[in-house]
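**Q** Protein chains in written order, with the working numbering: chain A, 1 to 803; chain B, 1001 to 1106.
Among these hints, one or two may not hold up.
Calculated lysine-lysine pairs in the DSS-like style (CA-CA distance at most 30 Å, straight line) [said to hold, decoys possible]:
| hint | chain 1 | residue 1 | chain 2 | residue 2 |
| --- | --- | --- | --- | --- |
| 1 | A | K440 | B | K1029 |
| 2 | A | K133 | B | K1052 |
| 3 | A | K585 | B | K1046 |
| 4 | A | K622 | A | K585 |
| 5 | A | K622 | B | K1074 |
| 6 | A | K516 | B | K1041 |
| 7 | B | K1029 | A | K534 |
| 8 | B | K1046 | A | K583 |
| 9 | A | K581 | A | K790 |
| 10 | A | K583 | B | K1029 |
| 11 | B | K1029 | A | K516 |
| 12 | B | K1046 | A | K440 |
| 13 | B | K1074 | A | K516 |
| 14 | B | K1091 | A | K581 |
| 15 | A | K509 | B | K1041 |
| 16 | A | K5 | B | K1094 |
| 17 | B | K1052 | A | K622 |
| 18 | B | K1074 | B | K1094 |
| 19 | B | K1029 | A | K585 |
| 20 | A | K790 | B | K1052 |
| 21 | A | K89 | A | K301 |
| 22 | A | K321 | A | K147 |
| 23 | A | K662 | A | K711 |
| 24 | B | K1074 | A | K790 |
| 25 | B | K1091 | A | K24 |
| 26 | A | K143 | A | K588 |
| 27 | B | K1046 | A | K790 |
| 28 | B | K1074 | A | K453 |
| 29 | A | K494 | A | K662 |
| 30 | A | K3 | B | K1091 |
| 31 | A | K662 | B | K1074 |
| 32 | A | K191 | A | K453 |
| 33 | B | K1074 | A | K509 |
| 34 | B | K1046 | A | K24 |
| 35 | B | K1094 | A | K509 |
Computed Cβ-Cβ distance ranges for the label pairs, DEER-style [unchecked claim]:
| hint | chain 1 | residue 1 | chain 2 | residue 2 | range |
| --- | --- | --- | --- | --- | --- |
| 36 | A | N797 | B | E1099 | 16 to 26 Å |
| 37 | A | I176 | B | G1063 | 54 to 64 Å |
| 38 | A | E786 | B | F1026 | 19 to 29 Å |
| 39 | A | K494 | B | R1008 | 12 to 22 Å |
| 40 | A | L2 | B | R1008 | 49 to 59 Å |
Read the hints as simulated data drawn from the structure, not as lab findings.
Each residue gets a CB set at the ideal place from its N, CA and C atoms; glycine is no exception.
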Amino acid sequence: MLKRKLILIGNGMAGIRTIEEILKLDPDGFDITVFGSEPHPNYNRIQLSKVLQGDTTVADITLNDWNWYESNNIRLYPGESVINVDTKKQIVYTDKNREEPYDKLIIATGSNPFMLPLPGSDKQGVTAFRDIKDCETMLQYSKKYKKAAVIGGGLLGLEAARGLLNLGMKVDVIHINEYIMDRQLDREAGKLLQKELENQGMNFLLNKQTTEILGKKQVTGLRFKTGEKIAADLVVMAVGIKPNVALAEKSGIPVNRGIVVNDYMETDIPNIFAVGECAEHRGMVYGLVAPLYQQGEALAKRICSVYDEGYKGSVLSSQLKVSGVDVFSTGKIREDENTKAIKMLDDWNGIYKKIMIEQGKIIGAVLFGNTKEGNRLLNLIKNGANIEEYTESNQTEESGASLVAQMTDDEVVCGCNGVTKGNIVSAINNDGLTTVEQVKGCTNASRSCGSCKSLVADILEFTLGDKYSEDHKESICACTTLTRDEVVDEIREKHLTHTREVMNVLGWKNDDGCSKCRPALNYYLGMLNPTEYKDERESRFVNERLHANIQNNGTFSVIPRMYGGVTNADDLRKIADVADKYKVKMIKLTGGQRINLLGVQKQDLPSIWAELGMPSGHGYAKGLRTVKTCVGADFCRFGTQDSVGMGIELEKKFEGLNGPHKIKMAVSACPRNCAESGIKDVGVVGLDGVWELYVGGNAGTDLREGDLFVKVKTKAEVLEWTGAFLQYYRETANYLERTSVWVGRLGIDHVKEKLEDKGFRDELNKRMDITLATVQEPWSETLKDENLVKRLYETVNVPVASK
Amino acid sequence: MVENTLGRVLIGKYSDLPERLGKTAFVGKEEIALFKLANGKVRAIKNRCPHKGGVLAEGMVSGEHVFCPMHDWKINVCDGQVQAPDHGCVKAYKVEVEENLVYIVI
Ligand SMILES: Cc1cc2nc3c(=O)[nH]c(=O)nc-3n(C[C@H](O)[C@H](O)[C@H](O)COP(=O)(O)OP(=O)(O)OC[C@H]3O[C@@H](n4cnc5c(N)ncnc54)[C@H](O)[C@@H]3O)c2cc1C
Ligand code: SF4
Ligand code: FES
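Model the full structure from these sequences, guided by the hints.
**A** Written out as structure tokens, the structure reads:
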């Protein structure tokens, strides 16, 4: 059968969602072509706020990567815009002079941000907040400039403002009304929100109308109607969006506010459909994902000729994605003579709730501070429920589980991805899921905006009953329901000695484990029984299996050990010779003051190590990496102690130690802290006659200043306290938990109190010494073992002559 | 030297393959990841993850799956299918083991 040609204009969220639905219904029915103005594959626009706020990266918000297009035989033209459609001949024309005929055409061109037509709005430093490019502009400006102004105190403006604060800018939010988010909230909630955001560092200028953007080429500030001025190096406009209908208009497709469509997303022109923000359905234009996805489903059915009632419009709800703030609103929120409201204000805890009622039915709600009921209210509104239904069920029980019990199976829990309660319950039952993360992985619920997370947790609780308890029952991975502590206890009690034995005896769901539990079990077994346990290479992440650091292109990097960051001419010469001989791609100093040889082929690793003749620097290890040192008393005019000597001693003692995660140390010789001891797992600062130890510091993903742990007089004491601290961490932390998180979890006071007991310290150090005695230098170990070299480092080369 | 032509190529000895681990093989221009699974079977897939090109031969092997070392995508080594919630697939090759010799059909 000849495939029909389907063209999608607009590679965004609504359009691609429609294609996904079509592929589900009729995988082979169409020859699909997609045009997208942006040079990216389909990404999650919602998450741009989170990118800006630093919670995720642009690289991680792709929804469908290049490979998805390829494996579904979809021709994608990224960075290419359609500029005209010949609706008679059924051909689209692009800005790259391409012509493509179609049998069916979907327009999903989204919206354009509305830019206030102010004098000066074309200056450099004025941006919208709509796509990856805008996000990148803001990131760049935040590196050079200090002061930002966001025009618009709605959802988007506030999310942008929060992001800019996180990027270290000072932010003014300018809003034309007397309270923020006035489209979604009432005055009460708006004011509460404002207070909360002011506490987070935002500054609000309300009742202000901007009249001019100041500056020569680059913006320098804003002027308001009152004549007042403020300074700004970056201006973000977030005052609204308007459907992107230029193409439709030009091609003669009927447009009102958006492209006019019926319940089947059909335009007036045969074989042309519109979906998403560019479409107008029953007079409504939507700017949120959930309705667009519902439209996409209806459209897919139409295109695949599957009978359906069509799309009937959506009840909207919105939620602000700013951490620490819970606001939810849905339906009608303005009071008028026809409405009555139930209101509750708890000023002390910052909780506000308003439920709107019209003719006995719930028609809208605003929640602030506690948004748990949000989804339920939304569903009640959708079902046209009477207010009694809400008040009565509230009297009986308030728990999340009882809310869930009342939901029917086809009620949507995750609006973004269209996942119903029934989908989630059956996934929990069929796949034995026990955590929200697993449900997310299996069903996609809460994968987009995340606002339904607490409801998913409630459904888990409801479905699993006693088997679920939210805080302490975080199992180590999806293969088991046991927690870290339960697993460690069982290993101890039952004297288990092998990862497979643990999995068998403790009833793992997956015989062979996964990439989460295997390395964890391997670590716990070794930690509990250092002398007898035989480390399992195949349960180690590649870096620790091969003792070299894998790079994104599959080559490796080698970091020889250099105690305390000190080297000598001979070693440098050797390193240089090796770098030449093996054509190392780059020689780079690491953040830990070591030399890194990058771009080495796997099969060359053993000979490089042989020629270097140096021990492994463990630059990749979940264990002690480096001890960074400052110049110290011997050379520095401020130095009070021998930081270099102390660093070398620490490094020699603990080198090769495995830990739950990487461990970094530093020693400085005065409070100037040139070795950055304040942000290390263990940081030592030498003062006149005293060493200060700081612990739990981290410069990585969760930046944390180390806590002052103890002050001691001698080098021996530094080693003793460090040993006890590290061993206590090794014994009690979850695998992959950095000391920063661990100290945060246990509390520094607890750790101090425990370790102040000299007897306990000695026991810990004794166990530490037993462990250290088993440490083998991995590079020389590998070189001695021909079999190991063959098994792990050799590659097979088969020359072929093509037929 | 044996002159291989594309079709069935001899990769090497079965006993040389490390268990529950991957091995990299270059067959002409093709880069292939070979896996000897816990059940003794040998599987072969293209050595590039469909996500961002991670080398799969270095991933952790679990049952019939390998976890990409780059961002932990889970890929079935028998049919090359990426497991949910991610999606995509890698080319899978047919493997034949005769006596102690491993062949790939390419
Ligand atoms: C920062 C931000 C945060 C958001 N947060 C939320 C949220 O929390 N919850 C929520 O529900 N919604 C949120 N939204 C809104 C949501 O992202 C949109 O409703 C949704 O992306 C619209 O989907 P769409 O497919 O209609 O348009 P888009 O995703 O914008 O896709 C349209 C695509 O069409 C392309 N295009 C346009 N014209 C042409 C042409 N002529 N030829 C080829 N390609 C063309 C564009 O480049 C664009 O990529 C947010 C939006 C932003 C910007
Ligand atoms: S930390 Fe103090 S002693 Fe060490 S190099 Fe810096 S200034 Fe000198
Ligand atoms: S490259 Fe394989 S998971 Fe990212």
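**Q** Could you run down the list of hints and mark each one as holding or not?
**A** Hints and how they fare:
1. The hinted pair formed by K440 (chain A) and K1029 (chain B) fails the criterion: a straight-line CA distance of about 39 Å is larger than 30 Å.
2. Between K133 (chain A) and K1052 (chain B) the CA atoms are separated by roughly 21 Å; this keeps the pair inside 30 Å, and the hint holds.
3. Between K585 (chain A) and K1046 (chain B) the alpha-carbon distance is near 25 Å, which keeps this suggested pair within the 30 Å criterion.
4. Pair hint K622 (chain A) plus K585 (chain A) holds up; C-alpha atoms about 25 Å apart against a cutoff of 30 Å.
5. The suggested pairing of K622 (chain A) with K1074 (chain B) holds, with an alpha-carbon distance near 22 Å, which does not exceed 30 Å.
6. Among the hinted pairs, K516 (chain A) with K1041 (chain B) is consistent with the structure: their alpha-carbon atoms are about 24 Å apart, no more than 30 Å.
7. Pair hint K1029 (chain B) plus K534 (chain A) does not hold up; C-alpha atoms about 38 Å apart against a cutoff of 30 Å.
8. Between K1046 (chain B) and K583 (chain A), the direct Cα distance comes to roughly 27 Å. Compliance with the 30 Å bound is thereby established for this hinted pair.
9. Distance check on the hinted pair: K581 (chain A) and K790 (chain A) sit about 22 Å apart at the alpha-carbon level, within 30 Å; holds.
10. A threshold of 30 Å between alpha carbons decides the hint, and for K583 (chain A) with K1029 (chain B) the separation of about 22 Å falls inside it, so the pair holds.
11. Between K1029 (chain B) and K516 (chain A), the direct Cα distance comes to roughly 33 Å. Violation of the 30 Å bound is thereby established for this hinted pair.
12. Between the alpha carbons of K1046 (chain B) and K440 (chain A) the distance comes to roughly 29 Å, so the proposed pair stays at or under 30 Å and holds.
13. Distance restraint check for K1074 (chain B) and K516 (chain A): the Cα-Cα separation of roughly 12 Å lies within the 30 Å cut-off, and the hinted pair is therefore satisfied.
14. Straight-line distance between C-alpha atoms of K1091 (chain B) and K581 (chain A) comes to about 35 Å, which puts the hinted pair past the 30 Å bound.
15. Between K509 (chain A) and K1041 (chain B) the alpha-carbon distance is near 22 Å, which keeps this suggested pair within the 30 Å criterion.
16. As the CA atoms of K5 (chain A) and K1094 (chain B) are separated by approximately 34 Å, the hinted pair breaks the 30 Å bound.
17. For the hint pairing K1052 (chain B) with K622 (chain A), the CA-to-CA distance comes to about 24 Å; that is within 30 Å, so the pair holds.
18. Note on K1074 (chain B) and K1094 (chain B): the hinted pairing holds, with a Cα-Cα distance of about 20 Å set against a maximum of 30 Å.
19. At roughly 22 Å between alpha-carbon atoms, K1029 (chain B) and K585 (chain A) fall within 30 Å of each other, so this suggested pair holds.
20. The suggested pairing of K790 (chain A) with K1052 (chain B) holds, with an alpha-carbon distance near 28 Å, which does not exceed 30 Å.
21. Restraint check for K89 (chain A) and K301 (chain A): the C-alpha separation of about 25 Å stays at or below 30 Å, so the hint holds.
22. Pair hint K321 (chain A) plus K147 (chain A) holds up; C-alpha atoms about 22 Å apart against a cutoff of 30 Å.
23. Between K662 (chain A) and K711 (chain A) the alpha-carbon distance is near 24 Å, which keeps this suggested pair within the 30 Å criterion.
24. Straight-line distance between C-alpha atoms of K1074 (chain B) and K790 (chain A) comes to about 26 Å, which keeps the hinted pair within the 30 Å bound.
25. The straight-line distance between the Cα atoms of K1091 (chain B) and K24 (chain A) is roughly 22 Å, inside the 30 Å bound, and the hint therefore holds.
26. Taken as a hint, the K143 (chain A) and K588 (chain A) pair is honoured in the structure, with Cα atoms around 24 Å apart against an allowance of 30 Å.
27. With a C-alpha separation of about 21 Å, the suggested pair K1046 (chain B) and K790 (chain A) falls inside the 30 Å cut-off, and the hint holds.
28. For the hint pairing K1074 (chain B) with K453 (chain A), the CA-to-CA distance comes to about 24 Å; that is within 30 Å, so the pair holds.
29. A distance of roughly 29 Å separates the Cα atoms of K494 (chain A) and K662 (chain A); the hinted pair therefore holds under the 30 Å criterion.
30. Simply put, K3 (chain A) and K1091 (chain B) have alpha-carbon atoms about 25 Å apart, close enough for the 30 Å limit, and the pair holds.
31. The straight-line distance between the Cα atoms of K662 (chain A) and K1074 (chain B) is roughly 24 Å, inside the 30 Å bound, and the hint therefore holds.
32. Taking the CA atoms of K191 (chain A) and K453 (chain A), the gap is near 26 Å; set against the 30 Å cutoff, the hint holds.
33. For a cut-off of 30 Å, the pair hint linking K1074 (chain B) to K509 (chain A) stands: about 17 Å separates their Cα positions.
34. The suggested pairing of K1046 (chain B) with K24 (chain A) holds, with an alpha-carbon distance near 27 Å, which does not exceed 30 Å.
35. Between the alpha carbons of K1094 (chain B) and K509 (chain A) the distance comes to roughly 29 Å, so the proposed pair stays at or under 30 Å and holds.
36. At about 22 Å, the CB distance of N797 (chain A) to E1099 (chain B) agrees with the hint of 16 to 26 Å.
37. Hint check: I176 (chain A) to G1063 (chain B), Cβ distance near 60 Å, so the stated range 54 to 64 Å holds.
38. Judged by the Cβ atoms, the range 19 to 29 Å given for E786 (chain A) and F1026 (chain B) holds: they are separated by roughly 22 Å.
39. Between K494 (chain A) and R1008 (chain B) the CB atoms are about 48 Å apart, so this pair departs from the stated range of 12 to 22 Å.
40. Look at L2 (chain A) against R1008 (chain B): about 37 Å separates their beta carbons, and that is not inside 49 to 59 Å.
Consistency note: the structure conflicts with the earlier hints numbered 1, 7, 11, 14, 16, 39, 40.
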